[in-house]
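Asker: Here is what each chain is made of, one letter per residue.
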Amino acid sequence: MKIRIPFADVAREYYKNMNPVLLICTLLLMIVGAAAVYSATGTSGNPFFEKQLIWYAAGIVIMLFFSNTNYNSLINMSNYMYAIFMFLLILVLLIGHTSLGATRWLKIGSFQFQPSEFMKIIVPLTMIRFLLVSNRDGFEWKNIFKLLLLVAVPLAFIIKQPDLGTSILLLPIVLVVLFMGNIPTKKLLTIIIAAALIMPVAYLFLHDYQKQRIQVFINPQSDSLGAGYNVIQSQIAVGSGKLIGKGWAQGTQSQLNFIPIKYTDFIFAVIAEEFGLVGSIVVLLIYYFLLMEGLKIVKLCKFNGGKMLGAALTCVLFMQVFINIGMNIGIMPVTGITLPLLSYGGSSVMVVMMILGILQNIYREYIKVED
Amino acid sequence: MAKDNVADKIKGVYKSLVRVNVLGWIVSMCMLFVFFRVFYLQAVRGGYYKEQSDQNCISVIKIAAPRGYIYDRNYVPLVINKTSYTFSIIPINFKQNPDRQKALNAISAIIDMPPEDIEAKLTRGGASTEFLLSPVKIKRDISEKELSLLQEKKIEINGISVSQEPIRYYAKNNSASHVLGYVGEVTDEQMKQTKYNKVRSIGDIIGQTGIENYYDDILRGEDGATLILTDAQGRQKKEIKTTPPKQGKNLVLTIDYRLQNFAERLLDRYQYNGVIIVQDPKTGEILCMASKPDYNLNNFSGNIDVREWKKLIRNKANPLNNRAIQGQYSPGSIFKIAVGTGALNEDVMTTKDSIFCEGIYWIKTWPYKCWKRAGHGWVDFYHAVAESCDIYFYKTGLKMKVELLSKYASMFGFGEKTGIDIPGEKAGIVPSREWKMREDRSPWFPGNTVMMSIGQGYIIGTPLQIMNIMTMMANSGFTMVPHIMKAVTLEGRRIESQFEPKKLNMLTVKPEVIDTVQTALKLVVMSPFGTAQKVKVPGLSIAGKTSTVQNIHGENHAMFAGYAPTGNPEIVVYVLVEFGGAGAEIAVPLARDVFEFYFKTLRGK
Chain A
1 MKIRIPFADV
11 AREYYKNMNP
21 VLLICTLLLM
31 IVGAAAVYSA
41 TGTSGNPFFE
51 KQLIWYAAGI
61 VIMLFFSNTN
71 YNSLINMSNY
81 MYAIFMFLLI
91 LVLLIGHTSL
101 GATRWLKIGS
111 FQFQPSEFMK
121 IIVPLTMIRF
131 LLVSNRDGFE
141 WKNIFKLLLL
151 VAVPLAFIIK
161 QPDLGTSILL
171 LPIVLVVLFM
181 GNIPTKKLLT
191 IIIAAALIMP
201 VAYLFLHDYQ
211 KQRIQVFINP
221 QSDSLGAGYN
231 VIQSQIAVGS
241 GKLIGKGWAQ
251 GTQSQLNFIP
261 IKYTDFIFAV
271 IAEEFGLVGS
281 IVVLLIYYFL
291 LMEGLKIVKL
301 CKFNGGKMLG
311 AALTCVLFMQ
321 VFINIGMNIG
331 IMPVTGITLP
341 LLSYGGSSVM
351 VVMMILGILQ
361 NIYREYIKVE
371 D
Chain B
372 MAKDNVADKI
382 KGVYKSLVRV
392 NVLGWIVSMC
402 MLFVFFRVFY
412 LQAVRGGYYK
422 EQSDQNCISV
432 IKIAAPRGYI
442 YDRNYVPLVI
452 NKTSYTFSII
462 PINFKQNPDR
472 QKALNAISAI
482 IDMPPEDIEA
492 KLTRGGASTE
502 FLLSPVKIKR
512 DISEKELSLL
522 QEKKIEINGI
532 SVSQEPIRYY
542 AKNNSASHVL
552 GYVGEVTDEQ
562 MKQTKYNKVR
572 SIGDIIGQTG
582 IENYYDDILR
592 GEDGATLILT
602 DAQGRQKKEI
612 KTTPPKQGKN
622 LVLTIDYRLQ
632 NFAERLLDRY
642 QYNGVIIVQD
652 PKTGEILCMA
662 SKPDYNLNNF
672 SGNIDVREWK
682 KLIRNKANPL
692 NNRAIQGQYS
702 PGSIFKIAVG
712 TGALNEDVMT
722 TKDSIFCEGI
732 YWIKTWPYKC
742 WKRAGHGWVD
752 FYHAVAESCD
762 IYFYKTGLKM
772 KVELLSKYAS
782 MFGFGEKTGI
792 DIPGEKAGIV
802 PSREWKMRED
812 RSPWFPGNTV
822 MMSIGQGYII
832 GTPLQIMNIM
842 TMMANSGFTM
852 VPHIMKAVTL
862 EGRRIESQFE
872 PKKLNMLTVK
882 PEVIDTVQTA
892 LKLVVMSPFG
902 TAQKVKVPGL
912 SIAGKTSTVQ
922 NIHGENHAMF
932 AGYAPTGNPE
942 IVVYVLVEFG
952 GAGAEIAVPL
962 ARDVFEFYFK
972 TLRGK
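Top to bottom, those sequences are chains A and B.
When we follow our numbering, the leftmost residue of the first sequence carries the number 1, and every step to the right adds one.
When we follow our numbering, the leftmost residue of the second sequence carries the number 372, and every step to the right adds one.
Simulated from the structure, these hints should not be mistaken for lab results.
Any given hint might turn out to be false.
Stated by the list, open to error - Each computed DSS-like pair below joins lysine-lysine, with the alpha-carbon atoms no more than 25 Å apart:
#1 B:LYS382 to A:LYS296
#2 B:LYS386 to A:LYS299
#3 B:LYS797 to B:LYS687
#4 B:LYS453 to B:LYS516
#5 A:LYS186 to B:LYS433
#6 A:LYS186 to A:LYS146
#7 B:LYS433 to B:LYS563
#8 B:LYS380 to A:LYS299
#9 B:LYS608 to A:LYS187
#10 A:LYS302 to B:LYS386
#11 A:LYS142 to B:LYS386
To be verified - These stretches of chain A come out as covered by chain B in the derived footprint (C-beta under 8 Å, 3 or more residues):
#12 33–40
#13 173–180
#14 284–297
Here a beta-carbon is modelled for each residue, glycine too, at the ideal position from N, C-alpha and C.
Turn these sequences into a full structure, and let the hints guide you.
Answerer: Below is the structure:
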């Protein structure tokens, strides 16, 4: 399926050979996302909805840009980006903007910018560059430690912010990069076991509110009007949608503000409440096709770098979908992870569109070679 | 080297293909898990969560239903409703007051209620009540002055709400107060009882005593409700639906207000504490049940006046007590009817047997006196009843022994509740050897039998039970379940259901025994020696029996029970005057007035 754009002839080079499944899924998600954000933020004088449309438009431009930027060059220059973003992370710590008890943002004028979001892309890029450069000795323990150190430093800064959501995402990214880098299974298992052993220790270093979230996840009723409130209310919203939902902009849980931060973290609950099981299944299917297409691109790609990158980025998308929907339906603790393209928010949309752009590029490079 | 490289590469490619597939499976499994969870929440548990979400956003504001009216048997209204203003606080709005204590104090000053009490009412349902949208009732039936002051304060203080509410109005104030009973807020203990299942919320009004309580479910009606859509902050978005309340059904009582009023005024005239009951023996309908002292029911509707309540509670005469069914008295000589019936039926005595009464009877060294110190001389059964000779019944009772006395006491309905439709009825006591051993840890003495045979000592019963001895004779051998409720009616006097008369006790004795006793009861009134001659009403044949009940608290209780007309009894009248003295002197004239009023004034004979 080909999308015809007015200035097509001039720009044909820039959008030809796009992966159709990925593209259709992207556009479908935008439609669903626009509808959901519109419903979730009220209907009159709605700046959120208009802003979200602007983010989508900007996102499409960014996706086009990255689908035309060879991912190998991204890998090549990743060490610079790594350096720049490490600097930004330090800057966040020093002069960052604080909101809701977390210091995650840099303020440039009225524009807010969250560097940690981008680490979801930069960390795998840097790791891949390191593995490609060190080539066959890549999986010596000495190298693995260096690699982990490379991840650990930004991770420490991100945890310090605190941004538990992004921190949690980094761990599977590291594992997937190593996995697709064909690390020997034994070593991978050793790392996983070691990580599992460190987990309980890490728990001690969590902030109180983070610990509370985990406790509440295990037993939401323990604090049903406080920390458990979100978990209970979003489940009520999802469940009460029943089979066909309460109708668009008709969900009592969302319209009457029983679901908190409904247009970002709990947007899935809004959709599930208003469109019921039917709506939920549609959303799940779109994501499933998207993720499977991502993995198909990884399969098609002939280069280790592309494979690792594609898998890592697909992994980022998958983790966001799984954790976000998971927390909406009470199978994951509440962390500030957004739902790709459905949640309201500039940084979130930008990063996801970047990821999709890079995946498109990996696909297009493959097509180019095939041609 | 190059070959190795190629082989390695092929291996590597294969390996990575496998690993992508592994990732694919992980993703698929996780997504499937998510799907199952969503399916569970929406398809399996959807109904439950729908309910939860409705509870979240729909607040129900109850509209109390007016209670049904209560009429006497001639549709004279006894209990109706009147409009009153109720002051409530809406907790979620009240919470917005900057200084809660100040607001409480201001309200407290207006409605004359300590601020702590108001706070206690607000938080009665637990901590979460402060988020409630539906008003919490603080004071019912506020005065005009309170109303206008509260309306003024509405501007300064958030959460004040005044609503119109029907409250009970007792048209006849004190009349039949014990029968009708009062209403009041449901208590925490009552909320736990299944009887009040339909009562859901704190502050609901239910019948607390009397008919109001016994037929509460009929009188209560169905509360209406306004459903309001509310957001998470408690702001009302819109009204979804209003169900109007349905007034309770009306009750028509068997009480004849004219008779009731007459009886009450009769007791009032002499300032007697006591009971007058009039019953239709054939149906068990209670035409009149007066118990003095009584109280003004209107003190209980709306707000209970604390001073008034304390006065009632402290009053030693216990005005709240319905003596007719809750007071327990020795039946006294009226019980001789049961003893005589038993003696004749068991052939312990015949009407021909005579006993010599010398005014005193000795058991070993214990003297048992007849009320007539000089003695009655030779008395047969008829004389013994008519003149109420005690010695005759001492000796008869001793021959019968306690077993037979108890048997006939039970047959006449003692020891068991009559089942009248007023709550709180007492059962009385039928003593026996086992009973005394259990309760008193002492054996039964002949002296106990002697006392029991004239209705003194351990045997006690409620006035209603004592009256039923006479009803048994009036009906020639059976009693009916006494009842107050005649019919349940809807608007326009349409009758929905009627009380079906039921038999209570049967007297299984030889028919001639009943004849004999009835004749004796007629002699009580007709004979020149009879104790109840003063009951005579010209043109009316009355039968009855007096009782003078000794009691340790003071002067004797005076009693009379009788029925008329003797051929085809229409009413049974029972009179008890506490500490009145001799039945013949005090109770009988009152009974006479009742008979006369009923037959001359009401029936116009």
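Asker: Checked against the structure, which of the hints given earlier come out wrong?
Answerer: Structure breaks hints 5, 9 and 12.
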